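**Student:** For reference, the chains in residue letters:
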Amino acid sequence: MQDFMLNLFSGLTRGSMYALIALGYTLVYGVLQLINFAHSEVFMSGAFASFIVVNALVGENQIPGWVVPLIFLAGLLSGGLAGASVAWGLERIAYRALRRRGAPKLAFLISAIGMSFLLSALAGKLFNRYTNNQFPDYFNKDAVVFTVFGAEIRLIQVIIIFGAIIMMVFLDRLVSGTKLGKSIRGVAEDAPTAALMGINIDKTISRTFVIGGALGGAAGFLYGTAFVFSNTMGFLPGVKAFAAAVLGGIGNIRGAMIGGLLLGIIEVLIPALPFIGTKWTDVVAFVVLVMVLVLRPTGILGEKLGRAA
Amino acid sequence: MALLEVDNIEVRYGAIKAIKGISFDVAEGEIVALLGANGAGKTTTQKTVSGMLRPSLGEIRFDGKRIDGIPAHELIHLGICHVPEGRRVFPRMSILENLEMGAFRFKKPDEQILEHVFEMFPRLRERIKQQAGTLSGGEQQMLAIGRALMGKPRLLLLDEPSMGLAPLIVNQIFDIIKEINVEGVTVLLVEQNASKALALANRGYVLETGEIVLSGTGKDLLADDRVRAAYLGEEIAH
Amino acid sequence: MTTSMAKTPASEDPPVDTRDVIYEVDDVTLRFGGVTSLNHVSLKMYRGEILAIIGPNGAGKTSLFNSLTGVYTPQEGSIMLAARVGDQPVSVLGQKTHIINRLGVARTFQNIRLFPALTALENIQVGIETRQKAGPVSNMLGLPWARREQRESVKRAYELLREVGLTQRANDLAGSLAYGEQRRLEIARALGTSPGVILLDEPAAGTNPVEKQELADLIQRINREDGVSVLLIEHDMKLVMSIAHRLVVLNFGQKIAEGSPENIQKNPDVIAAYLGSEDDETAEGEI
Amino acid sequence: ACSNSTSDAKSSSSAAPAASSSSSSAAPAASSDAATSETSSAAGGASNSDTVYKIGFQGPLSGDNQQLGINESNGVELAVEQANASGDLGFTLELVKSDDVGLPDKSPAAAATLIQDTGVVGVVGPAFSGSTKAVGATYSAANLALISPSATNATLTTSGFTAFHRIVPTDAVESAGTAKWLAKTVKSVFIVDDLSDYGKGAADELEKGLKSAGIKTQREGVDAKTTDYSAIAQKVATSGDEALFYGGYDAQVSLFARALKSAGYKGVTVTGNGGKSSVFTEGAGDAGDGWYFSCGCLDATTAPAAKDFEAAYVKKYNQPSSTYSPEAYDAANAMISVIKDLAAKGEVTREDVMAGVKALDYKGITTQVKFTESGEVEAATINLYRQEKGVINLLGDMKDQ
Amino acid sequence: MYLFSSLAGSLGISASGTWQNLGSGGWMTAAAFFLFAGTGFVVATVKFTKSKTIIAAGLKLAAPKSSDAGGLFGSPATAKTLLLLVFAAALFYPPTATSFWQSVLVTQIGIYVLLAIGLNVVVGWAGLLDLGFIAFYAIGSYVTAYLVGSLPPKPPWGTMSPLFAIPFAIAVCLVAGVILGGPTLRLRGDYLAIVTLGFGEIVRIVAINADDVTNSTRGPSPQVPHPVINLGFTRFEFGLDQLQYWYLLLIIIVIVVVLFRALEHSRTGRAWAAIREDEVAAQASGVNTFRFKLLAFAIGASTSGIAGVFFASDVGFFTPDNFILNNSILVVAYVVFGGMGSLPGAMAGAAVLTWLPEFLKDQVPAEDRQMWIGAVVLLMMIFRPGGLIPAKRRSAELHDYDHHESLEVSAVPAGEGMGAKA
Ligand SMILES: Nc1ncnc2c1ncn2[C@@H]1O[C@H](COP(=O)(O)OP(=O)(O)OP(=O)(O)O)[C@@H](O)[C@H]1O
Ligand SMILES: Nc1ncnc2c1ncn2[C@@H]1O[C@H](COP(=O)(O)OP(=O)(O)OP(=O)(O)O)[C@@H](O)[C@H]1O
Ligand SMILES: CC(C)C[C@H](N)C(=O)O
Ligand SMILES: [Mg+2]
Ligand SMILES: [Mg+2]
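These protein sequence lines map, in sequence, to chains V, A, G, Y and Z. Residue numbering for the first sequence follows this note's numbering, beginning at 1 and increasing consecutively. Residue numbering for the second sequence follows this note's numbering, beginning at 1001 and increasing consecutively. Residue numbering for the third sequence follows this note's numbering, beginning at 2001 and increasing consecutively. Residue numbering for the fourth sequence follows this note's numbering, beginning at 3001 and increasing consecutively. Residue numbering for the fifth sequence follows this note's numbering, beginning at 4001 and increasing consecutively.
Treat the hints with care, since some could be wrong.
What the hints assert, rightly or not - Coverage of chain V stretches by chain Y, computed from C-beta distances (three or more under 8 Å per stretch; other residues unrestricted):
1) 82-89
2) 265-279
Stated by the list, open to error - Capping the alpha-carbon separation at 16 Å, the derived lysine to aspartate or glutamate pairs in EDC-like fashion look like this:
3) V:Lys125 - Z:Asp4278
4) Y:Lys3266 - Y:Glu3282
5) Y:Lys3266 - V:Glu152
6) V:Lys105 - Z:Asp4278
7) Y:Lys3266 - V:Asp142
8) V:Lys179 - A:Glu1028
9) Y:Lys3340 - Y:Asp3050
10) V:Lys179 - A:Glu1097
11) V:Lys203 - A:Glu1097
12) V:Lys141 - Y:Asp3286
13) Z:Lys4154 - Z:Asp4212
What the hints assert, rightly or not - Have a look at the derived ranges for each label pair, beta carbon to beta carbon:
14) Y:Ala3344 - Z:Val4364: 52 to 60 Å
15) V:Trp66 - Y:Ala3303: 46 to 54 Å
16) Z:Tyr4247 - Y:Thr3118: 19 to 27 Å
17) G:Ser2078 - A:Glu1028: 40 to 48 Å
18) V:Phe127 - Z:Ile4255: 54 to 62 Å
19) A:Gly1069 - Z:Val4086: 41 to 49 Å
20) Y:Ala3303 - Z:Ile4179: 53 to 61 Å
21) V:Ile63 - Y:Arg3386: 38 to 46 Å
22) Z:Ile4255 - G:Gln2088: 42 to 50 Å
23) V:Val158 - Z:Pro4155: 27 to 35 Å
24) A:Glu1126 - V:Thr178: 53 to 61 Å
25) Z:Tyr4247 - Y:Ala3355: 33 to 41 Å
26) V:Gly59 - Y:Asp3361: 52 to 60 Å
Note that these hints are calculated values from the structure, not bench results. The structure presented is a predicted model; accordingly, all values stated were derived computationally and were not measured. Beta carbons: idealized from backbone N, C-alpha and C, even for Gly.
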């Protein structure tokens, strides 16, 4: 039981980050029916930007306890801001021109891939190419917050899980209740007709990228704080988050959340079984994905944007 | 001054000139029909008026104000509502959501108009939660018209509203157009069903390969031999 | 209703053999959640006839088509098919679409679905070639029989193009054809699969009177000269009444009438549910 | 979403020469104008002769494990510079560095760069075992002699690589020592490796040693690309094993060390020579305190024999030498001594150098460079180190601990 | 800067400047260009006019116009001339190239051209987005390594020379393609993409973790030996010289291209095009869409497998890192960059994009190459979304934005054959 709880929480930690990233994929897929391959670089940019801010704030100093939450918040915001701006620029450069030309779907995919190469290499050039950059240790991430069934749950896990959940609830409200949500759905289903209803397509698409980017960037900060970050960090979490989005039903916001959490948990729980071993973690993720899709071709919750079922 | 003035516009798809300089106008309170064979440019004309396309030459004025080049999502605030060709309902949204989308430009959908739409098309009320994509063709057409009405149009652009509708409904639709018109909405109608359209319209224009070749009141056009031959499919040669 | 369409009055000796049944639909019910789109529908289609299905919007016509072609599987009832002369009846329920096509059922769509980036000729070839045998290996190696088949398919495709009057446009991309031409091309592609029966879903929608006339001629020619039975959904009553041998009327998923065009036109239920009062029609005709 | 490992993922599929060599587009002897900055800097105190011979260096100069490679390339560079400055060479020596990122799949390209450069007559390296395994046969076919200062995998000398020689003891020796030492204090060991030739080899040998000493062991392999070690760390923490050994390189051990600390593991933590570097110290932070390292390498900062070397190194690089710098210095000097002898007699060919290396008997600062038939060095000591308060200290010869 | 081949070296020709890296071969190729261009043009024009007269003579049943290269290279005469030029360059340039470029030509350009040809079948013709294509390449490589005895498990029947692994690799890849495709090809576009991506990763991770079978990240050991072709009367041994591999690869590519071209214009090719354009309509026209999709998958897979065998034979050493997802994505990028569905396009795309990083090596710092490649790809897609040499069949896809979906597709999802349970 103790092991199970430990694994469950570490799965939830990973899962909530996947979910945050997955939301970016799902939102963009929702409006454009495109896989935004450069989203993993949006995530990465969040980590670097927030590092710069946090590092500048912390430096070599000893930080009094009460400032820690503020710094954390600053990291979250700067990560989100960076993610949002990168995503915004991404849409401007790699998508809008192609959209205007009515390019085939795969052309978007490839231009996004080009963008992804560019961003990741650029980050490598601007910063460094180590795969294991770390945030400064400005608080004791490993402090035990509480114990369930003997399993010690640590501060960083609690922060990540709750942070992610708050952001997701916020997004869900934003998309299901507001006009923005309506316009996203409208553009998703039939853009020219949505324009006839008074929806500004370009603005809606931009906003979608910005929202997804902000979540992805914030996730970049969380990820960097929990693990390590690098200019190529986006790749694997990106692929997994994309898988999570598909798992939940791509284009479906709650699906992305559920898919992300589920994938995170499965990924930790299954390899923890004695006869499997942690080295199969990534395989488990993909095998589960393939199996789910074969059994349920449109993902767990199906494809509807902004709705649970 | 007419509500809508189209002044010598030209519209291109890349190298193809679909509209080669046409002018017409629609006065407040009128129903004006655009007729023409397939590919004549009727849809293109409507799309240009509603802002989905941009003319390469010429001017369009609405209420005296130039509107060519203003994108569709802004034009709707002037009350130009377009029921596009092929219905284009939002397939994964429910009927109610589709209707709400029609009122997107307002803070909140107008309950009265909603009620009015349901009165006109009771079938929509019955299926209020059904996904629009699973409606039959005719049901979708009703929804598309209802959706446009939710936007409180001053000028309603209708592109082949009777396509795919059962004869009974076709008659109803024309009645409804009349009714909407009587309530003060100006209508620019594109129709294949020329006889019905002209019977309803105050005036009509006939398009052929991007040019206006004939115009006149509905009655005159209905009586015109060329129209009867080409658009009513009648043999007049005997 | 003095139109040119009534060239062949329907009563004039239809090539129908009432002993030879193509489709036997027996007590079929199709539901989607709460919506019942077909409600205990039974009907028979005979070899050689042009059978029209009419009915108000949402009556279940397209749903019936989709059930007949295996796209939908009704919850109740049975549908037996013997499309080509001498076939044993088989059930279409749960069959894959392409299998049903191979059994001799071809169809067109309510919204045109051509392969827009293939030429007109190639569009038809796709249909023809589903009846051919050469595998990828013999295609790759250009083996003699593969080449013979290829020549045959081109030849047959040209014949069909001629039949629908599109010879001139053989090498144009389907997407660039005019609307009416696309409708005819879709029919030619369907004919390419050598069907025993062809299902047309609102083929005349969005076409003008002149094109409707051409279409009517084409359907009759297919029916008479190629011996292909036709199942037709259409809201254009002039067209339907002028070419159909028999009509089935659906309303709210139920069959409310069946019979010859003359009888149907007079049937008060049909008038009430679908056609509308005669006054409207005559009023318009008089203008 | 698309970039993968450090420098450039595409060329990872490449066996194209020089796909990842940073500086090494070295000119053939003929076109001297094309010499790159790095080559000429190594030629520093140019001698008066216009004959140029080159020695190659292959090791990681970029990527996560670059520090281990840089330590060595600095040592080699220093040796070359000193040789050129000595003025008694009779030719100019150039150094051609070829970067293999420490990854076997980049190794063929790195090797090809050196092999295709006909001016290169001998090579110091490759630094890593995996890289060596990938190209040992290629170098042997090209008759280009290798002296590795650090490739420690036991099987390298039994794989028929005629060109391969090394001046450090193998992991078989090192891990056997570690096993003996561990067996003195613990009863169960969790062994993790990075699946590389080096890491797995070291772990295998350790497991063998522990098993024969009757110690309970458990094994897992974790790909070196992993950045998230929390799962495996948790598994170690809940295993209850008294010690943990990690076979792999510095950057990865440091991440693992952090994860283990987070997971609250309290046992003895040990790694081999691959982990001992400043990258570990910096990366692991205080999570690195208490870690043990076994290494068949010299600590030049304390060893008396290396005093001059250390001084020169600090002068040139403004920092103390680090793991395997002295060994690389020795390997380079040994190679230079062979070339120098041959040059005195006439032209230097790869074949001659090969024969010369096999016949070497050179006294270096770390060891007596003299190879057995198979290419092993004859004398060998294994040292034990431990990190305390962010500094890795030498505890002494493993046997005595 | 690199060693010139002895031929060029002895002629004493040398180039300078940024193009130095190309060796003197550039000049010599230019000469060959001119020679061939002349003949090529003549041949092409003669053929062209001849076929025109035939049509004019009223032979109406001529096969439809070839439908690959459109746009820039539209006219058959230019296309033919270009083809000859490329072929001339492929034959005569390599011997004059530096050994560096020779190996780039084989291990990068050549192999990736072959892979792009294979993937073009899947993505370009059948319209299936496969993001795990490299998995089959990996399988081909591992099959080779197994058969030559370079993996821990040894083949029970003894070892063979690497190139003879080709039929086995084809067979195994076909089977793998079918195993993957069987359950997944019913999935729609993007779902298929993620599943294939997953498959590619599974293959790679299994290669890393199935230590006892694949030797993990350490790669095959001993190395895969150089191939020997022993035909009884003659015996041909491959060595380190890349030229031998180049010509072998050229032969393989030519054969594959010829076969695939025939396929493209056959009923199979048309069925693929139909599926790609409108799967529901294809089914309704009697096309067994599943079977044809599977076929495309299998053909693509086996081509990839051949490339794998070749790669293993040439380089002799590889690790699971050679088969990362990135490479799968890159092959897709090559195909799209060149022009989806167009054979010459896919080949050109692969050639240009594999050449570019090597070329850039001397122009920009190694670390920046990725960035430049990204920028080039991005610009290309923005300004020429149809690719370098767009396919004629595909170009019709470049509609304007509001054309993107017919209503019925979404209106009748059941028509797609999955949710048809009513
Ligand atoms: N997106 C487009 N790209 C290129 N050409 C187009 C496009 N849309 C329409 N056209 C062309 O413009 C011309 C006018 O088309 P339009 O749709 O306006 O005709 P229409 O009168 O509405 O015909 P229909 O009765 O068939 O609806 C036609 O020749 C058509 O082929
Ligand atoms: N997939 C589905 N899910 C739910 N309801 C459906 C579905 N398909 C059809 N229906 C419903 O079944 C009824 C019959 O639809 P169908 O498309 O068969 O009508 P139709 O007779 O072809 O009408 P029209 O003439 O307007 O095309 C409609 O009310 C429709 O809403
Ligand atoms: C530099 C060293 C840490 C290399 C390691 N001993 C190996 O064999 O790969
Ligand atoms: Mg139109
Ligand atoms: Mg219908």
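**Student:** Are any of the numbered hints broken by this structure? If so, which, sorted upward?
**Tutor:** 1, 3, 4, 8, 11, 14, 17, 18, 21, 23 and 24
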